[in-house]
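A.B. asks: The chain contents come next:
4 protein chains.
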Amino acid sequence: MDKNNFAKTPPMGWNSYDYYDTTATEEDLLKNACVMAEQLKPYGYEYIVCDISWYAEGAGRDREHYQYLPFDTLSMDAFSRLTPDPVRFPSSADGSGFTKIAEKIHALGLKFGIHIMRGIPRKAAHDRLPLYGGKYTADLAADPGSICPWNPYMYGVRDNAAGQCYYDSLLSLYAAWGVDFIKCDDIAVNGLYRNEYFSGWHEIRMLHEAIEKCGRPIVLSLSPGPAEIGKAFLYEKNANMWRMTGDFWDDWDALKRMFERCELWQDHVKEGCFPDCDMLPLGMVGKGFGEERRTRFSLNEAKTMMTLFCFFRSPLMIGAELTKLDAETMLLLTNRALLSCLQDGSSGREIYRDASAAAWKNTDASGNVRIALFNLEDEEKTLSLKLSDLEEALPENALLTEIFEHTEAQFKDGVLTVVVPAHGVRAYFTTAQV
Amino acid sequence: MDKNNFAKTPPMGWNSYDYYDTTATEEDLLKNACVMAEQLKPYGYEYIVCDISWYAEGAGRDREHYQYLPFDTLSMDAFSRLTPDPVRFPSSADGSGFTKIAEKIHALGLKFGIHIMRGIPRKAAHDRLPLYGGKYTADLAADPGSICPWNPYMYGVRDNAAGQCYYDSLLSLYAAWGVDFIKCDDIAVNGLYRNEYFSGWHEIRMLHEAIEKCGRPIVLSLSPGPAEIGKAFLYEKNANMWRMTGDFWDDWDALKRMFERCELWQDHVKEGCFPDCDMLPLGMVGKGFGEERRTRFSLNEAKTMMTLFCFFRSPLMIGAELTKLDAETMLLLTNRALLSCLQDGSSGREIYRDASAAAWKNTDASGNVRIALFNLEDEEKTLSLKLSDLEEALPENALLTEIFEHTEAQFKDGVLTVVVPAHGVRAYFTTAQV
Amino acid sequence: MDKNNFAKTPPMGWNSYDYYDTTATEEDLLKNACVMAEQLKPYGYEYIVCDISWYAEGAGRDREHYQYLPFDTLSMDAFSRLTPDPVRFPSSADGSGFTKIAEKIHALGLKFGIHIMRGIPRKAAHDRLPLYGGKYTADLAADPGSICPWNPYMYGVRDNAAGQCYYDSLLSLYAAWGVDFIKCDDIAVNGLYRNEYFSGWHEIRMLHEAIEKCGRPIVLSLSPGPAEIGKAFLYEKNANMWRMTGDFWDDWDALKRMFERCELWQDHVKEGCFPDCDMLPLGMVGKGFGEERRTRFSLNEAKTMMTLFCFFRSPLMIGAELTKLDAETMLLLTNRALLSCLQDGSSGREIYRDASAAAWKNTDASGNVRIALFNLEDEEKTLSLKLSDLEEALPENALLTEIFEHTEAQFKDGVLTVVVPAHGVRAYFTTAQV
Amino acid sequence: MDKNNFAKTPPMGWNSYDYYDTTATEEDLLKNACVMAEQLKPYGYEYIVCDISWYAEGAGRDREHYQYLPFDTLSMDAFSRLTPDPVRFPSSADGSGFTKIAEKIHALGLKFGIHIMRGIPRKAAHDRLPLYGGKYTADLAADPGSICPWNPYMYGVRDNAAGQCYYDSLLSLYAAWGVDFIKCDDIAVNGLYRNEYFSGWHEIRMLHEAIEKCGRPIVLSLSPGPAEIGKAFLYEKNANMWRMTGDFWDDWDALKRMFERCELWQDHVKEGCFPDCDMLPLGMVGKGFGEERRTRFSLNEAKTMMTLFCFFRSPLMIGAELTKLDAETMLLLTNRALLSCLQDGSSGREIYRDASAAAWKNTDASGNVRIALFNLEDEEKTLSLKLSDLEEALPENALLTEIFEHTEAQFKDGVLTVVVPAHGVRAYFTTAQV
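Chains as they are written, first to last, in my numbering: chain A, -7 to 426; chain B, -7 to 426; chain C, -7 to 426; chain D, -7 to 426.
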């Protein structure tokens, strides 16, 4: 198995976190899957991903003080492997884990993903519970010096036979459940420890090895960032996507900083290897965090985000509750001209960037070019782009169509000049393209 | 109670670590106490301190791989408080803890100290064991995000009522046992976490409060360093001593670096407040580490160490196995002229220092001055000191006696010039002084 | 000469910078001196200090773009020594430098100080101008790799004979002029370079040596901070005052941060050695910066500043234009109870501090105690202080008088409880004290 | 002009630094050019680059104390532009600069390059000398806060019209001289200043603009490193090569670290864009540094270096004195199988790397694969490579020929296993390839 074949193009789907925080239920997953199957699948969206704490029996309790309750009870099987909380995921009560949910999602023509924390449950290690296979116990796999700075569930896994046995057993279980996608947390960056104490670096390798052994093509997504550019080779060899930033929310400053990260990582976007801009915080979000609300991004900002993410070829994971999608957001998520940037063979590249503006191009396998001009300032501005900066055979007189508004534009004397609203974008394809 | 009265002068004694590592037994403590009572007590040595892991039932096992066994069994009472391993400390088998050992040590006219790790046993927190008083359980006091980077036993304690209750119960128990001295580990410096995650800062305060409540004058020693100079006020308000460096061993480069630390902290040596140079790695050491050996310090280096530590007024904790003390080491440890620098009212001060040499003075309450010239280079050197740099009424013609060799010297034309051996020292008192 | 005798108590005076920036003239200095002699001298203020750029012929030109004009013409004598700009300091036109100004200031019973930049004029080095004595040229003393990050005038001085010759000649000239105080800039902290390139560390020593040789007791003030605590010994051996922070202005956040710095440096306040809180930005300031304005400090904030600076025993250099002093500011600057904290033998010490409040005490040579409670929050608050925290023989029933408002207060059951306004202070002396 | 066309493949040539330090002369350049034309040109070597200090009249004087004499006299034209020292470069005495040397080198079928320091001569700025065009003077272009940490010649250039005018005039002069290659120093990394003070970032842009304006295809090489990966886009847009490390010499540890840098930068090797491993310190080097000597690299180490540099596709600049080339070094430099890795369309990629071993592949435009296994340890080792790791259509039974020794090898059961000497390499091409 070549892991780069598991995700030839950037994975697209939905993730429960932005709306549900730690509280998503079986019903929540399935109702979002239904919307996706009907409305979004034709555009390429296919993953339904259940985010953090699906095994935490008290998830969401005392939320004001704790996102993750210290010393909370985690649902676990006899081999130190976490299992879905049967209260929130009733179909798992018979011990079948996520099997039935995965089956229903597969039946809709979609794929199913879960979030995991790097490591092995702390409680299992302290109680020296057995690992699958009968050869080792959890304390032998666990590294008591390796913890997550913000989550109390797990210990990091040692780079030894017991550790690999644990990860192998985990992936074997997930494969049996029908999992297609794993988002592993606390692993893409060393957020707390000195680097020499961080076991995440070898846990990335161990997870990859376990996936290869399990025989099922499971996409591996690493979280959170900022991923370290000096570890690019490690990510590329072992994973399919890795987060370039910390948690991304609907905040304009965070979006501006994303331009810097996209510049840094643009040479690392390859088949099966996708630096990840994080979820799309659009539509209705925040319910599990105590405040159900509409995205704070203005329409211009949302277009800027979608254009950057697509031109760069980031994975696209929708954060919005899909049952509450409004038409405006739907249009953004399903803009075919934009989504075509994600196709196999396309490649994105920054043309210029400074504190006030940026320009990108995205070229498809046939050489068709899309261009985007971003206004990063707080006031409307006239931006320009030189034809010579495109380094491509775009004819001088090419007719350009704006991706969102379908207005037309042309280079004049080798320069394209457009008025771009504050925080907004003007993106173009050539008429022949779509 | 004013904690500064607990230690008006730098504490002097013996600590089990340098020789026994984690393996000291009841018998070991008592035989060292006997030697101290007979030979060292007249010079001011009085503390017998049992260092780390006295509660670890497997201490010393698999030493090649682990100094502290992960997920090892720790002896504990019903209230989440660690108790002595009854195998190594048989007198504790009846549940009396260190009471009987402390009694025997007190009967010798000595004082008794123990080492503790900052925090509460992890296992107690995961099992939600009760705390003394019946009001709280260990999980409420424990912070699962606060661990020690190199030791797997404990979680840091939260700054809340459950946490204070735990520390109060701990000190109450220690007071009942007859403990006179606590060396708390993993607390004087944030070795692993970002500062904002390090609970040690408030645990220092909580320990001090618990000592005040327990009603027994227990000296509080903080370890390991390098203590942060920016936290000097915190240490001074709450503790009696705090380590200025990481673990200090018989290594010349480490001793050279100690000069820098002594310069930095010299203004913070006060009654009840003693920046700490760490144990004296002299005589026979290293047995518990797998290699019983004589100190690697040459005699000149050992004199340099003793002179710096005494002039600076560091606590003096002997690391040597006392039953194996040789005459040369004994002479160093009991040099009255040198030890008089530790007396109440004395104060030490650097006169100059660069990479190749240093000079210190120590002035007693009566204004008598001792001076020391240190050669930090690898070859014999002639060092000098200007009388005017002493800022004291030392008469031009004062007769100086060398502290170790009893040779005499004098200032000539306001300058003292002496040949000092490589890595060595020449230290002087005025004849009238001792 | 013992430099600690030059300033047995914290120097007090006036500095031209806060009001005039780089533009002070002979007339400005003298008119401020007149006010000081009449109104402030009785309270201990005595230094008139001319701050930066007195040699810069274009000082103040193109101020919008540059505070210090690049490649500007500096007035210089034949030996690479900067001399006053004869346009702004007409009495220097005859080549007598600051002699006549110093004479007039001395005649008023005051002392005279000047600002210098660390180093030797760059132009002198590039033109290989001679140094005084005929033995060396400026290029031999200058280190072309040592510059100031924000000022283009000087190169750092090498630690060689040519360099010492230059500094000796400089101090010899200043002594001849009648200078009593030097504020040397770009020297107390390495603001730009890696430490190993920073020649300031040896220039501090060289300046001290030059002062000793010049035979005149010239106070040495080092600027700007934040001075490094690890260099405390260097400062104390060679200088009389050193800045604990970057430039301090009338900004509440900066004042709050000063509490942290005062805690850090409190053990280093000694006769002749004064960590420095920087100028008092009170009254009218800012004219040379393009905006003549009243201090932004509210009266409560100004009291907080004066109380902290006096309790800590910082030097007190007024930043206000003295000819425009209002009565309220005058009262603050001349509060005798407060200023008595600066007396010889007094010592200040923090009692507690956290993000919302702080308490200090200052004890004089006779053991009289003043106490201050600071409210660092944005709303009025009740603060308290335990008698036991004073560690002093203040009788339980001592009658306390507030330093600014002369209201009375007493400890009750060992606790003093007072309402303190937002950003304000309540400070007390015992009635017998003043 | 598209700067990526100036260097479609990694530039190859010779640089005077490793042998001559600052002292190369006209004669030295020409005699090395003769050797290159005869012996090395057939293999692709074509640049003769004169390194630092060709304008310094005293270059090499007092070498024991200074590599670059402070305040030395630099040969300069009337417009603040440095010109060759006429003593060492006699043909420039008529004011024609490097014109005649360039002509001779061109006549040999070679290209000519020079080293420059970022910036404008300090002396010119202090003397306010004119810039070409009569509109500006040097002080307006110079930033007195921007210096090189280790070289005293220049000030950084401001991002203004005067600054661009200076760089334009410089490139215009160089184009007139016939310069084909510029190695600009103190520009690829901020070695001294805080980033916000470093003018090099905009000077990279300004130099590129000046090259575009000058009309001559001049290759731009940036030095020294370690270049910042976060600035990759800046380098790629404006330069042709940039150093990945500090100065590289014949030191095994430095060579081992180069593997890490090659991994980091491998995705940035593109047509016209070459991360640079620095000169090849082979053959005879060091004369100008005071010690003429043979390279310290063993033959195995030299092969490791050549193989890594070629597989990665670094520029290849010989450091050896060419007139003293021995046969062994000559063979290394002219290995056709190895040099073919540099061809247009080839691309290199790390396969694995840890502290003890590394493997690389290099694939040419036709899909032919070369592979290399490096032993980074101090003892002979057996290394292996899985066919599946090559991701290429190399047939299972492909016959491999070792690049240096012409021995043959084959994969067995999908694994290639070879014994590799300490510090050495085994590199293979398939028989059909060369």
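Just so you know, these hints were derived from the structure itself, not from any lab.
Among the hints, erroneous ones may be present.
Where chains are identical, the list cannot tell them apart; a pair therefore holds if satisfied intra-copy or between any two copies.
[Claimed, not checked] Capping the alpha-carbon separation at 25 Å, the derived lysine to aspartate or glutamate pairs in DMTMM-like fashion look like this: (1) K404 x D239; (2) K205 x E383; (3) K279 x D54; (4) K33 x E188; (5) K262 x E252; (6) K33 x E372; (7) K378 x E320; (8) K378 x E228; (9) K127 x D64; (10) K373 x D318; (11) K262 x D336; (12) K205 x E252; (13) K205 x D346; (14) K92 x E228; (15) K262 x D119; (16) K92 x E388; (17) K33 x E263; (18) K0 x E342.
This one's a predicted model, so the numbers in the text were calculated from it and none came from an experiment.
A.B. asks: Compare the structure with each hint and give your call.
C.D. replies: Okay, the hints, checked on the actual structure:
no.	hint	in the structure
1	K404 x D239	neither (41 Å within a copy, 47 Å between copies)
2	K205 x E383	between (44 Å within a copy, 19 Å between copies)
3	K279 x D54	within (15 Å within a copy, 51 Å between copies)
4	K33 x E188	neither (43 Å within a copy, 45 Å between copies)
5	K262 x E252	both (19 Å within a copy, 21 Å between copies)
6	K33 x E372	neither (36 Å within a copy, 56 Å between copies)
7	K378 x E320	neither (32 Å within a copy, 51 Å between copies)
8	K378 x E228	between (34 Å within a copy, 18 Å between copies)
9	K127 x D64	between (28 Å within a copy, 19 Å between copies)
10	K373 x D318	neither (29 Å within a copy, 49 Å between copies)
11	K262 x D336	both (9 Å within a copy, 21 Å between copies)
12	K205 x E252	neither (37 Å within a copy, 29 Å between copies)
13	K205 x D346	between (46 Å within a copy, 23 Å between copies)
14	K92 x E228	neither (32 Å within a copy, 51 Å between copies)
15	K262 x D119	neither (43 Å within a copy, 47 Å between copies)
16	K92 x E388	neither (57 Å within a copy, 43 Å between copies)
17	K33 x E263	within (21 Å within a copy, 39 Å between copies)
18	K0 x E342	both (22 Å within a copy, 21 Å between copies)
Figure legend: structure checked against the earlier numbered hints; hints not met, in rising order: 1, 4, 6, 7, 10, 12, 14, 15, 16.
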